[in-house]
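Participant: Using the sequences and the accompanying hints, generate a full structural model.
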Amino acid sequence: MSALMPTYAPSDLAFERGEGVYLFANDGKRYLDFCAGIAVNAFGHAHPHLVGALKEQAEKVWHTSNLYRIPGQEKMAQRLVDNSFADRVFFSNSGAEAIEGAIKIARKYHHDNGNPEKYRVVCCTNAFHGRTLATIAAGGQAKHAEGFGPLTEGFDHVAYGNLNEMRAAITPQTAAILVEPVQGEGGLYGAGPEYLKGLRAIADEFGILLMFDEVQCGMGRTGKLFAHEWADIKPDVVATAKGIGGGFPLGAILTSEKAAVLKVGNHGTTYGGNPLAMAVGNGVLDLLFADGFLPGVVKIGDALGAALEGLVKKYPGVFIEIRGQGLMRGIKCADGIDNRDFKAKLETKGLLVAPAGDNVIRFLPPLIIEQSHIDEAIAIIESVVAEMIGD
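Position one of the sequence shown corresponds to residue 3 (the working numbering), numbered consecutively onward.
Errors might be hidden in some of the hints.
Said to hold, decoys possible - The calculated label-pair distances, taken between Cβ atoms and stated as ranges, are:
(1) Phe291 - Gly267: 27 to 37 Å
(2) Asn28 - Gly267: 42 to 52 Å
(3) Phe17 - Phe208: 43 to 53 Å
(4) Thr173 - Gly54: 50 to 60 Å
(5) Arg342 - Leu6: 19 to 29 Å
(6) Lys316 - Asn68: 47 to 57 Å
(7) Thr271 - Asp89: 12 to 22 Å
Said to hold, decoys possible - Calculated cross-link-like contacts (lysine-lysine; reagent style BS3-like; alpha-carbon spacing at most 30 Å):
(8) Lys301 - Lys347
(9) Lys106 - Lys226
(10) Lys77 - Lys236
(11) Lys236 - Lys265
(12) Lys106 - Lys77
(13) Lys226 - Lys345
(14) Lys145 - Lys347
(15) Lys351 - Lys334
(16) Lys301 - Lys236
The set of hints was computed from the structure by calculation and includes no laboratory data.
Idealized CB from N, CA, C, for every residue including glycine.
Facilitator: Structural data, given as structure tokens:
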């Protein structure tokens with residue numbers, strides 16, 4: 003029996019190395035990775051630029067703590083500010099930590115402005131914001147909260163995409179709105195630009211903060227640095243992680259100057275933004291901000307979407323619809339087709355994907371995939387379908 007706490011039910015696969023968009027198991031078998039560590043390995047595996055950045059820094063200094071200046075933090079923060087809505091950045095280790103920090107910001111903002119009664123955050127049903135006590139309360143899904151009650155107080159939930167419900171949920175105690183521009187774990191739902199614009203209008207009307215969870219949909223996954231940019235609006239706070247470190251644990255909170263309320267003693271982290279993380283994070287930005295890269299993600303994302311749409315049309319008894327945007331795509335399985343079972347079948351044929359809520363199979367490939375990789379993935383999916391329906 004493993005000494006590991008049994009919090010996961012992993013596939014019986016272990017990988018010894020990766021190269022680009024492929025992983026290689028201990029037995030040498032090659033797998034096309036359309037999971038990317040759940041949207042983490044944005045530039046695939048063992049990318050030379052990221053490996054070089056990590057090795058160079060590893061030979062200098064790994065960790066000093068935030069008791070001292072970390073030049074890599076200052077550099078990366080400025081680059082994020084220069085390319086986004088933000089004025090200030092705080093670095094953490096993970097997405098859940100970034101969301102926790104955003105929740106603290108919402109409360110501190112209103113406290114500092116003489117309204118300490120404003121502490122509640124309106125979130126959406128079917129959301130996922132992390133696994134800490136506060137973030138499972140923010141997500142509001144019973145399956146994540148069972149056994150951990152009483153839930154952290156201060157969160158209200160409305161239907162995703164419904165502006166009328168959002169407006170009606172605002173009370174004198176509301177401090178902020180927290181929404182994923184594209185829901186990841188919940189089933190790849192995207193509410194669209196008009197919904198995000200409506201959220202901005204509601205936040206402005208009631209004098210509350212608009213906060214986006216871009217842990218999964220941010221850092222180029224939809225073809226822009228952040229998914230909310232497709233709506234041409236500016237939030238007050240964005241929490242991000244996953245792809246920002248390209249596989250190295252890293253998260254960040256970005257804020258406008260208005261929402262930059264955390265001061266000395268209000269918040270902190272031991273490991274967050276250490277020199278190793280910043281070396282890799284800046285390496286990721288080198289690649290992400292390269293000329294033409296993000297437009298290329300849009301193009302290849304459209305190709306992936308079209309290919310998945312073709313599966314829906316070809317196999318209506320197996321797949322119902324596609325969802326998502328860019329290289330954050332999902333395909334909903336028909337009744338009687340279990341997404342986790344389908345995922346396992348794909349693995350046996352060399353394709354790695356991730357499950358999501360609402361019986362959806364999630365495709366989160368590295369941002370560097372090409373048409374040939376899409377063709378390879380579709381061929382594997384069709385081979386599984388053929389076995390299932392007897393063709």
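Participant: It remains to establish, for every hint, whether it holds in the given structure.
Facilitator: A quick look at each hint next to the structure:
1. Under the hint 27 to 37 Å, the C-beta atoms of Phe291 and Gly267, about 34 Å apart, fit the expected range.
2. With their beta carbons about 48 Å apart, Asn28 and Gly267 fall inside the hinted range of 42 to 52 Å.
3. One distance hint, 43 to 53 Å for the beta-carbon pair Phe17 and Phe208, holds here, with the actual separation near 48 Å.
4. For Thr173 and Gly54, the hinted distance range of 50 to 60 Å is satisfied, since their beta carbons lie about 52 Å from each other.
5. Between Arg342 and Leu6 the CB atoms are about 21 Å apart, so this pair conforms to the stated range of 19 to 29 Å.
6. Lys316 and Asn68 have their C-beta atoms about 54 Å apart, which keeps the hinted 47 to 57 Å range intact.
7. Range check, Thr271 to Asp89: Cβ separation about 20 Å, and the 12 to 22 Å hint holds.
8. A hinted pair counts as satisfied when its Cα atoms are at most 30 Å apart, and Lys301 with Lys347 qualifies at roughly 29 Å.
9. At most 30 Å may separate the alpha-carbon atoms for a hinted pair to count; Lys106 and Lys226 meet this at roughly 27 Å.
10. Simply put, Lys77 and Lys236 have alpha-carbon atoms about 22 Å apart, close enough for the 30 Å limit, and the pair holds.
11. With a CA separation close to 23 Å, the supplied pair Lys236 and Lys265 stays within the 30 Å bound.
12. Between Lys106 and Lys77, the direct Cα distance comes to roughly 25 Å. Compliance with the 30 Å bound is thereby established for this hinted pair.
13. Proposed proximity of Lys226 and Lys345 is supported: the alpha carbons are some 28 Å apart, at most 30 Å.
14. As the CA atoms of Lys145 and Lys347 are separated by approximately 25 Å, the hinted pair is consistent with the 30 Å bound.
15. With a CA separation close to 20 Å, the supplied pair Lys351 and Lys334 stays within the 30 Å bound.
16. Under the criterion of a C-alpha separation no larger than 30 Å, the hint pairing Lys301 with Lys236 is consistent with the structure, at around 25 Å.
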